[in-house]
Amino acid sequence: MERPDLETLAKTWLAHDPDGETCAELEESLAKVAAGDEAALTDLRDAFGAALEFGTAGLRGVLGAGPNRMNRAVVRRTTHGLAKALLASSPQAKERGVVIGYDGRRNSLVFAEDTACVLAAAGIRVHLFEDVAPTPLTAFALLRLNAAAAVMVTASHNPPEYNGFKVYWENGAQIIPPVDGIIASAIEEAPPADEVPLLPLDDAREQGLVQPVPPSVEGDYLAGIEALGATDDQGDPVGRRTIKIVYTAMHGVGNRLALKALGQGGFGEVHTVAEQAQPDGRFPTVAFPNPEEKGAMDLSFALASRVGADVIFANDPDADRLAIAIPSREKDGRFTQLTGNEVGVLLGHYLLTTRAVTQPAVFNSVVSSPLLGTIAKAKGAAFAETLTGFKWIANTAMRFEQDRGTTTLFGYEEALGYSVGNLVRDKDGISALAIAAELVAVLAEKKETLWDRLDGIAREFGLYVSGQRTIVRKGPDGQKELAALMERLRSQDPSTIGGYAVVRRVDFQTGSIQRADGVAETIDFPPSNVLVYELEGGSRVIARPSGTEPKAKFYVDVRVDIGAQESLDDARTRAQQALEALADAIVALVDG
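The sequence shown: position 297 = 289 (this note's numbering), numbered continuously.
Derived from the structure by calculation, the hints contain no laboratory data.
Hints should not be assumed to be uniformly reliable.
Unchecked claim - Straight-line Cα separation of at most 20 angstroms, PhoX-like style, residue types lysine-lysine; simulated pairs:
id, residue 1, residue 2
1, LYS236, LYS323
2, LYS439, LYS236
3, LYS76, LYS86
4, LYS3, LYS24
5, LYS543, LYS466
6, LYS545, LYS286
Stated by the list, open to error - Pair by pair, the computed Cβ-Cβ distance ranges are:
id, residue 1, residue 2, range
7, GLU(-1), ALA266, 16 to 26 angstroms
8, GLY12, GLY397, 55 to 65 angstroms
9, ALA7, THR502, 51 to 61 angstroms
10, LEU101, SER208, 15 to 25 angstroms
11, GLN226, SER504, 55 to 65 angstroms
12, ASP395, ASN138, 20 to 30 angstroms
13, ASP290, SER504, 53 to 63 angstroms
14, PRO204, ALA508, 53 to 63 angstroms
Bear in mind the structure is a predicted one, so any value in this text is a computation, not a measurement.
Heads up, the beta-carbon is just placed ideally off N, CA and C, and yes, glycines get one too.
The whole structure should be built from the sequences, with the hints applied where relevant.
Written as structure tokens, this is what we have:
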């Protein structure tokens, strides 16, 4: 888009922007552009050359002015569309209302209150948290209050300059098609931001249209977590509850509830990373507030070394994810962070082998390790892989419950997201923490560790290793470049990758399966830009663009059988070498 067109769009935006802060920022940017500042022009092109797409259960983007940024204008127009879609879908929506939660990021409270005011102006009752809340508590409150929908203002584990607007529907799960499309269409028809009807917050409260979420909701949530735990014949929690735990909230909103959940479970020795305990949208001690990122858990590692911890637990800033680190295999005083797949398999295996439920079912996303499916088959449990994103795991679990009469036991995705039972129809880093602590306690009583449990699983079911590579394409043309990259991979249609024959290719975009023997099949999944290459020997490669970041992701899973006389260390070395070679091969194929 040329500079004059960008400037026209920006000036039109200024005329309708209700936020003096973003207006001032935009005016300064326009002045820089007029003075010939190329960096300012690039930023303007990114802010106004596109619009945030309503998908991945809502919106997420960098804070700032413009349709491709998160700001009050975008939030008001988005909420106007949500209100229209709600009223069209359910005559009871006004009375049932919408739950609104928010985290500690910059502008989260402002966006939450704007959302409440727009909904109230539409006559829709609002249940607004009085303070910051974890995402899983907001999702739980939706079900507990029988609301018609929920909004969580959060950017989860994204960098500090981000915020987001996540939407849940009446079933407690994040929205999926066709609901997301209906809301997106309604947003497109919304008036300019300064013309969106608003009911001032004080007036909305006085009229009873905005009410606080009752404190009992939090108590019910914690009681639900406690009920997920196992007890012995005397009704006492199982395992050695004297284990030493280090916990960090990563400058997020999980600290208070995580400590309560551990406390009610009988875990008395919990050491909190004080520097990261309170919500702080600046995230001053981490460059990237994601437990998966290098350096993000350094403070918790240091504290764990000082106190001699048995385990480290970390929630991401909105507490819907959980990271776990334990003393290294080498017993050298250091700690090793487990991968999302390792944690998912540990929790899934533990629940499958200790919970006696009718027709148990477990789930994971297609980019997660195939190992949980192997375990589920051996244990006689139902299992399904879903598209990436917990909205698909939750909705698939509910469909299994309705159609097959299953009992949902567990679901996970490799990006540190886990759900236990059906307490929350989304990933929940706090209830997952409680069950993980129980597992560590049970093993400690047997003088075993999570490493021992992982080794036992490998001996029984085969050794699976997983890895990931990414290709980043930032800037206004980044998404186009990533889309072209995926299409290039499709057009190449490789018969081998890294020396492994492709035995089956699954294209979720077209819903097609192509086998090496020429047989064509179809899959019943919503279209998604995901390619799966199943390789000889049980390994596989998966390619997909990220839904929230400017990158393409490549997932590699390798399975090897362990020789009768082979050590696990040797088998792991062999599997890791195969994984690295496969990862190099797929990246070279598309970006060489």
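Hints, one by one, checked against the model:
| no. | hint | in the structure |
| --- | --- | --- |
| 1 | LYS236 / LYS323 | holds, 16 angstroms |
| 2 | LYS439 / LYS236 | holds, 14 angstroms |
| 3 | LYS76 / LYS86 | holds, 11 angstroms |
| 4 | LYS3 / LYS24 | holds, 14 angstroms |
| 5 | LYS543 / LYS466 | holds, 8 angstroms |
| 6 | LYS545 / LYS286 | holds, 18 angstroms |
| 7 | GLU(-1) / ALA266: 16 to 26 angstroms | violated, 48 angstroms |
| 8 | GLY12 / GLY397: 55 to 65 angstroms | holds, 56 angstroms |
| 9 | ALA7 / THR502: 51 to 61 angstroms | violated, 44 angstroms |
| 10 | LEU101 / SER208: 15 to 25 angstroms | holds, 23 angstroms |
| 11 | GLN226 / SER504: 55 to 65 angstroms | holds, 56 angstroms |
| 12 | ASP395 / ASN138: 20 to 30 angstroms | holds, 23 angstroms |
| 13 | ASP290 / SER504: 53 to 63 angstroms | violated, 45 angstroms |
| 14 | PRO204 / ALA508: 53 to 63 angstroms | holds, 60 angstroms |
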